[in-house]
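Peer 1: Letter by letter, the sequence shown follows residues 1 to 226 of the working numbering.
The hints are simulated quantities; they were obtained by calculation from the structure and are not laboratory data.
Bear in mind the structure is a predicted one, so any value in this text is a computation, not a measurement.
Be aware that one or more of the hints could be misleading.
Restricting the straight-line Cα-Cα distance to at most 27 Å, the calculated cross-link-like pairs of lysine-lysine (DSSO-like) are [claimed, not checked]: (1) K170 - K62; (2) K93 - K62; (3) K78 - K93; (4) K93 - K49; (5) K78 - K62; (6) K49 - K178; (7) K170 - K160; (8) K178 - K62; (9) K49 - K78.
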Amino acid sequence: MLSVEQPIGPLNSGDIVYGASMLGCILCAEKYLLRKCSCFIHWIVIFSKLTLRTVAVIKSNKDTRYGLDSIVTHDGMKLPCWALANLSSFRQKIGPDAYDQLDVIGIDEAQFFEDLYDFCCEAADHDGKTVIVAGLDGDYLRRSFGSVLNIIPLANSVTKLTARCELCGKRAFFTLRKTNETETELIGGAEVYMPVCRQHYVDGQVAIGAARSVLESKKLECGTCA
């Protein structure tokens with residue numbers, strides 16, 4: 001079994017993989033700011049350039065920071081893509097003939113697609129495609145994010161990628177939100193999120209919780225004064 005750091009060998013259609021280099025559905029469970037999806041783009045380039053396979057890339061149309069015609073990493077790597085609200089519309093968008101000719105389908109920001117599981121089953125099991133999926137497995141509160149975790153049972157193997165803690169340099173397993181917003185889906189970069197180790201995640205949550213309490217008390221005071 002190959003890890004994401006190893007070169008790709010011969011692959012078989014219809015396999016499903018979570019973050020490793022086997023054909024079917026390859027899913028990289030990433031932590032925020034891991035040079036956003038650089039590993040994902042690395043795999044796409046390998047499949048398209050070195051194996052001479054036909055590739056199409058899909059991303060969620062919710063993230064418009066870098067435009068809707070490409071995915072862009074924080075370190076400047078770029079790939080053209082289809083920006084969609086759901087995966088089920090992809091076959092119609094690209095056309096049946098073009099879909100049949102595809103060898104590889106890349107999916108970025110997988111946590112935003114509610115139909116991820118069904119699409120991966122159909123594309124890998126029935127259509128014989130290699131589906132390379134990159135997404136976050138958890139949100140800023142360490143809760144399951146979207147359908148990413150649901151496709152693990154479909155996978156041949158699992159690789160969970162990590163970043164480096166921005167505060168101490170240790171391995172960062174979690175994402176700390178630096179703002180007061182509480183909604184699950186909040187798209188942003190380094191101004192909103194930072195990768196952190198367990199200790200700094202816990203410390204950060206305590207500090208942010210305390211700050212929210214202060215803000216709420218100030219609001220109450222202002223309301224009373226009014």
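Peer 1: Which earlier hints can't be squared with this structure?
Peer 2: 1, 6
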